[in-house]
Amino acid sequence: MITRIILAFGAVVAIVVAAWMGGSVPGLQPLIGVALPYVAFAIFLIGFAMKVIKWAKSPVPFRIPTTAGQEFSLPWIKWSKIDNPSTTGGVILRMFFEICCFRSLFRNMRTDLRSGWLIHHPTKWLWLLALGFHYSFLIIALRHLRLFVQPVPGFVETLDAVDGMFQIGIPPIYLTDLFILLCLTGLLIRRLCLPKMRFMSLVADYFPLFLILGIVISGLLMRFVYRVDITAVKALANGIASFHPVVPEGIGSIFFVHIALVSTLLAYFPFSKLMHMGGVFMSPTRNLANTNRMEYHENPWRKPPKFHSYEEYEDMYREYMKEAGLPLERE
Amino acid sequence: MAKELTPQEMMRIDLRPPTRDWMDIPTVIKPGIYCYPAKPEKVEIVGMPNGHVWSPVEEDWGLPEDWKETFLEGMRERLNKHRSFKIFMDICVRCGACADKCHFFLGSGDPKNMPVVRAELIRSIYRGEFTKAGKILGRIAGGRKLTEDVLKEIWYYMFQCTECRRCSLFCPYGIDTAEVTIIGRELLNLFGLNINWIQEPVANCYETGNHLGLLPHTFKQNIEFMCMDIEEFVGITIEPPFNKKGAEILFTTPSGDVFAEPGIFTLAGYLILFEHIGLDYTWSTYNSEGGNFGFFTSLDMAQRLNAKIYAEAKRLGVKWILGGECGHMWRVVHQYMNTFNGPPDFLEEPVSPITGTKFENAKSAKMVHITEFTADLIKHNKLKLDPSRNDHLTVTYHDSCNPSRGMGMFEEPRYVIKNVCNNFYDMPENTIREQTFCCGSGAGLNAGENMELRLRGGLPRANAVKYVHERFGVNMLSCVCAIDRAVLPASMEYWVPGVDVCGVSELVANALIMEGENDRSLNLRGEPIPGRGEVTEDV
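Chains A and B, in that order, are what the protein sequence lines are. The first sequence begins at 1 in our numbering and counts up one residue at a time. The second sequence begins at 1001 in our numbering and counts up one residue at a time.
No lab work stands behind these hints: they were computed from the structure. Note that beta-carbon positions come from the ideal geometry of N, C-alpha and C, so glycine has one too. Warning: the hint list may mix true and false statements.
Unchecked claim - With a straight-line cut-off of 30 Å between C-alpha atoms, the simulated DSS-like cross-links for lysine-lysine are:
| hint | chain 1 | residue 1 | chain 2 | residue 2 |
| --- | --- | --- | --- | --- |
| 1 | B | 1081 | B | 1132 |
| 2 | B | 1314 | B | 1363 |
| 3 | A | 78 | B | 1244 |
| 4 | A | 322 | B | 1314 |
| 5 | B | 1145 | A | 273 |
| 6 | A | 303 | B | 1382 |
| 7 | B | 1363 | A | 273 |
| 8 | B | 1244 | A | 306 |
| 9 | A | 81 | B | 1382 |
As the list claims (entries may be wrong) - Here are the simulated distance ranges between beta carbons:
| hint | chain 1 | residue 1 | chain 2 | residue 2 | range |
| --- | --- | --- | --- | --- | --- |
| 10 | A | 135 | B | 1132 | 31 to 37 Å |
| 11 | A | 301 | B | 1498 | 46 to 52 Å |
| 12 | A | 296 | B | 1132 | 50 to 56 Å |
| 13 | B | 1044 | A | 3 | 43 to 49 Å |
| 14 | B | 1044 | A | 97 | 48 to 54 Å |
| 15 | A | 169 | B | 1470 | 55 to 61 Å |
| 16 | A | 158 | B | 1356 | 57 to 63 Å |
| 17 | B | 1260 | A | 328 | 26 to 32 Å |
| 18 | B | 1345 | A | 328 | 25 to 31 Å |
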């Protein structure tokens, strides 16, 4: 199992080393700083779309929501409109809580066996770490828009101001930078230290963790240790966004490490478990209303069933039925 | 074997998995865990392929030469037919939320019973045989090739999942192991690898109309015998209608209730309830099964067996269908039947003939759950009840998996029970309602030869019963599922002696005050009710 961890870690280290070395060769800088992100972004967009289309091509033959609350039934029984939705509005709310608040993960609990008793107790760690990680990532990604878009959109300025409001250090450290580091470390420790997690984890589980950690750390190093030339970075990012790419001089290798890791993440995304980002919207156990007996749900590949008809049944058992006084279609 | 292990020994469970890669841990098929293979003639009756004699503990499983192509082709076909399957193959992040939610994992500690790993058994094939990365990188990409050993492993664990969907509740993406298991079993059935405990009921149901293979006259006789018992214990005469054309309602329930204790007391409950309200209904010998072991075989088989319900309703010309207490039957009825064989436009939207209540939630599928029906009757004061007749019972309620997570019926049964019993206590909240634990023997795993698996899988449920048994003196575990009634007595006897099992309708009928009844000193089981008999025995 340790092999899986080493492989994933090794892969990320290899990317870092290659990008560091490549970034210090002026001739390779346009390749890593411009071509790579373009290609990676294209792979991301096309790959993501193709995966979603591939999923969408498979129909949803049956309406199979996992009902997590009281069904809509008799008028005097209070039903669970969100956890067991029977309306489109309810489904939208259920999906909102699922996607924005990680509702199902919030339900999580831990079961232990202690002196003859199975104890089920709520545990919010996974939920907290996952939520903290995802929101930090989202805000960090949005904050990066300031590098790509001119003039900087108002909401990005606001995010930036709020995120950096504590003004600790120079330049001030962002809260989300701290959170994402904390949450990623937590998620990694969980995977490395809990025997169950280690048992089920694949290379594909460690790799994105190391990769994103690499992105975060290289980003922080750029800001606090190596102090890359932000004007140059901005010129490069702006160039990419406006399709007039330039590679200013003196950006520093660490930047190329950062951009190579981000590009790897983008290109890797559509072929990995990270596609849960798209899949969560399409999961039939969550995004369908529990209207099963209320509305007809069509299965596009349905075939009429071959079954033992009543006539065949009566032919088979007519004598018994007659004797038992059961009514018959034909005597 | 299970019978030789004491509960204390059985409880020595190590929930920490080994440190080896799961792909390197060979699967050993153990007696007490696996079920006997399907008999060839039972496979052939329903026209399924490759019925043959084989044994899971022997080397040669009698697989056809092209089994691998069949499996992979079948998998490809199902990936294209089910978005659920396709997405669930792609998006699991192995966060571990599901790991300790499975009753089989909690009861056995077998790490391949963690839902995530059980699904990975198939996901690894998906990656290894269907994705480019997996084909090239193999295990580094989490992929493996389909070999005979892998197939055997899949078989072993597909029949260690009761499709209860508890894991899917906790999954952040709603990944439902039941979908994986359903499709996994479908694939195994492509070359005759079913278990007989499922295959024989399927074959029986196909021909005789019910799992137990009761012929028309036997089915009728069994119910009539029950009426004789009712005459003796309750003092009323009931003449139930069979195959009656023009009845208002067709009643369909699992055949297990026609056959064995304590299910037959639930059946008695139905008979007495219908008599009490003078319901115009009929039994059917042709459609004498509400349950559907086809659902544990393939969706195609489920559809074929299920077709009889609407077909019979049409033939008899009833207005709508009332369904008895059953777990997976209600998963099929609620989530599949209308799509399988509907819409039944020849039926009317269900309206209770007694209260006039329209069952809005069943207006398309036209089938109502007996507990919904009874709850409505009680709410409208249509039942004369004496709950004190159940005073010697302290009752708890086991939410069956399927009506819970595949329907959401939680309040109706509790409302009914609280109206017919004075002593009711729920089990701890993390073990009931949508978080309920499986009985441990669902999805066709209620055989005798896999008793160790059943008892292990039954542990989490039994453990919660034990809690209310010790704390509140609970001595009756009620449920709305025929499989529960068939299997929980064994589980209780092993884990929580002193707790009996009954259907909710049995409790209802015990409390029903019938016109012309006797002194009701006996319950439906013919046992004297403590404190009610004219002569109290000195003990």
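Do the hints match the structure? See the list:
With a CA separation close to 21 Å, the supplied pair residue 1081/B and residue 1132/B stays within the 30 Å bound. Proximity of residue 1314/B to residue 1363/B is assessed by CA-CA distance (about 16 Å); at most 30 Å being required, the pair is judged to hold. About 37 Å separates the Cα atoms of residue 78/A and residue 1244/B, which puts this hinted pair outside 30 Å; it is violated. A hinted pair counts as satisfied when its Cα atoms are at most 30 Å apart, and residue 322/A with residue 1314/B qualifies at roughly 22 Å.
A distance of roughly 20 Å separates the Cα atoms of residue 1145/B and residue 273/A; the hinted pair therefore holds under the 30 Å criterion. Note on residue 303/A and residue 1382/B: the hinted pairing is violated, with a Cα-Cα distance of about 43 Å set against a maximum of 30 Å. Distance hint between residue 1363/B and residue 273/A is unfulfilled; the C-alpha atoms sit about 40 Å from each other, more than 30 Å. For the given pair, residue 1244/B sits about 25 Å from residue 306/A by alpha-carbon distance, which is consistent with the 30 Å threshold.
Proximity of residue 81/A to residue 1382/B is assessed by CA-CA distance (about 29 Å); at most 30 Å being required, the pair is judged to hold. A hinted range of 31 to 37 Å holds for the C-beta pair residue 135/A and residue 1132/B, which are about 33 Å apart. Here the CB-CB span from residue 301/A to residue 1498/B is close to 51 Å, well matched to the stated 46 to 52 Å. Distance hint check for residue 296/A and residue 1132/B: the Cβ-Cβ separation is about 40 Å, which falls outside the suggested range of 50 to 56 Å.
Hint check: residue 1044/B to residue 3/A, Cβ distance near 47 Å, so the stated range 43 to 49 Å holds. One distance hint, 48 to 54 Å for the beta-carbon pair residue 1044/B and residue 97/A, holds here, with the actual separation near 50 Å. Separation of residue 169/A from residue 1470/B is about 58 Å and conforms to the stated range, judged on CB atoms against 55 to 61 Å. Taking 57 to 63 Å as the suggested C-beta distance range, the pair residue 158/A and residue 1356/B conforms, at roughly 59 Å.
For the pair residue 1260/B and residue 328/A, the supplied restraint of 26 to 32 Å holds, since their beta-carbon distance comes to about 29 Å. The hinted range of 25 to 31 Å is satisfied by residue 1345/B and residue 328/A, whose Cβ atoms lie roughly 27 Å apart.
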